[in-house]
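*Asks:* Residue strings, one per chain:
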Amino acid sequence: MIVWVLFLCAALSVVTTVAIVLSLVPPTIEFFGEVSIGEFLTGTKWSPLFANPRFGVLPLVAGTAVTTVCALAVCVPIGLGSAVYLSEYARPRTRRVLKPLLELLAGIPTVVYGYFALEVVSPIVQTIWPFGDPPGAFNALSAGIVMGVMIVPTVGSLSEDAMTAVPAGLREGAYALGSTRREVATRVVVPAALSGIAASFVLAISRAVGETMIVLIAAGGQPNLAINPGEAMQTMTAFIGAAGIGDQPTGSTGYKTIFAVGSLLFVATFVMNLLSIRIVRRFREVYE
Amino acid sequence: MSAEATVSAEVERLGRAPRAKRAKEQAFRSVLLLCLAVAVFALGALLLSVVVDGWGRLDDGLWRRFPSPRPLLAGARSAVFGTLWVVTLTGLLTVPIGVAAAVYLEELAPRNRWYNRLIEVNIQNLAAVPSIVYGILGLAFVVRGPLSLGRVVLAAAVILALLVLPTVIIASREALRAVPPSIRDGALALGATPLQTVGRQVLPAATPGIATGVILALSRAMGEAAPLLMVGALTFVTFNPTGLDSAFTVLPVQIFNWVSRPQEEFHVLAAAAIVMLLVLLLTMNGLAIWVRNRFRSRW
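Chains A and B, in that order, are what the protein sequence lines are.
Using my numbering, you'd call the opening residue of the first sequence number 1 and step up by one each time.
Using my numbering, you'd call the opening residue of the second sequence number 289 and step up by one each time.
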């Protein structure tokens, strides 16, 4: 009897997933009754709440892609570099201080990062912009950079865990053959931990794609089919957030667009999360 | 020079990396250190900037006054109380369910059954679903639709509870796993049933670890804004919540509201409110560390 109650609590997580899917699918189907899938996926104009609505989701996808690439450009090198240093170079005492400090970054609320992007990073970007006209206060680059900082602990912690799990015997063998520290790190430890590192990158992409508050605050609100990160853009998440604040009446097309874009976002992140879990399972080097 | 000395000098010469290689080693190490320095610098710059920006408004008016369209008279009182209501309620909802789920998965579930594996993969996956998607769920099923609670405290707590549930489950499982098998074996050998073993031996031993995980999960709920925008944490609320069915706002949403206004005075106010939020979060994190160190048993 008690075991059954406990089982139901565990099963609630599956119910949550089912509920998420059930909440997304019906309005999305209704949406595609009004707007063709072709127009949605290939249209280049997104203005669903205007008098003359257009439903091409590509500008939102472009915004998401640009901010994500900016974030990766920050979090991949910095996260991986920090992880290699902490795992291969740092003395235990240094590590005990630096690792929690790095993980503090993960505990900071995303609105705070949004404020930082808009009030601190954006003015810096405007000042040092090297290509002609400086960007406006709202731009994808500032949002992306700060998003990257936010994701550094995700990449750093997961890759470091993977590297620490590489058995000492492999390192000692390489040292015995005359390798230097750098060679051990880059040719033995990183390749041996590659599955964990790859999984951390995939998870980083998923987090960047799903991040809402930073882009909502700092990336500007205009859907914009562009690849220049200096421009203002809107991501999928920022659209959902902005439309949600607007309190769309149930059943209106504006209300349904939230779910259509939400489905796209959910599918994208869901696939990446599964992929990351898979990578770890499939390609893990198993040591004793 | 003796032959021995000649040989050892030669060995020394061969063993030493060439100068170019040594320079490369040094450069590599510096690059790694630079990566770490950039991350730590970003953290420092962030904390410093909010304190400097918000300094002028860091007074007791911040939590004494209600929001106002006039920035100099505005405070975050309703948001502070809203946050306390929502986070407390989230804890009440998520802790029993999360711990029960963890106990089932870690102690009682037959590992090889397909449904248990499904639950495990599913929890891992849910932990990485973007928070705004939980907001959509809340909008469709909790605020409107089947539950139709409206834009109230309880709706926000239900959504945040679902959001942090995977974190609570994962942390609780780790705490349970850290209890050595000998404790279970001992209890079982004395004739306790599996449920008695879990309830009277394993769970009490794992409580400090679970508490730490729960506090960290609740501090995540406290900083969350995106899903609450969807379930309508109204951004202009001039009263404290009076019950579960009361309209509300929370600190992160109030901060978002102030940041998105054009007037500079509101940005200062946002920075001050951020400092307050960070202090609250830091206190909770400190509490988590204290609990872990104070009550940790060693086996």
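Simulated from the structure, these hints should not be mistaken for laboratory data.
Watch out, some of these pointers could steer you wrong.
Within a straight-line C-alpha distance of at most 20 Å, the following computed EDC-like cross-link-like pairs (lysine to aspartate or glutamate) qualify [stated by the list, open to error]:
(1) B:309 with A:161
(2) A:45 with A:34
(3) B:309 with B:292
(4) A:99 with A:34
(5) B:312 with A:183
(6) A:45 with A:172
*Asks:* Please go over all the hints and tell whether each is borne out by the structure.
*Replies:* Going through the hints against the structure:
1. B:309 with A:161: violated (29 Å)
2. A:45 with A:34: holds (16 Å)
3. B:309 with B:292: Since the Cα atoms of residue 309 of chain B and residue 292 of chain B sit roughly 28 Å apart, the hinted pair is violated (cutoff 20 Å).
4. A:99 with A:34: Status violated; Cα separation ~51 Å.
5. B:312 with A:183: holds (11 Å)
6. A:45 with A:172: Outside the cut-off at roughly 58 Å; violated.
Consistency with the previously given hints fails for numbers 1, 3, 4, 6, ordered from lowest to highest.
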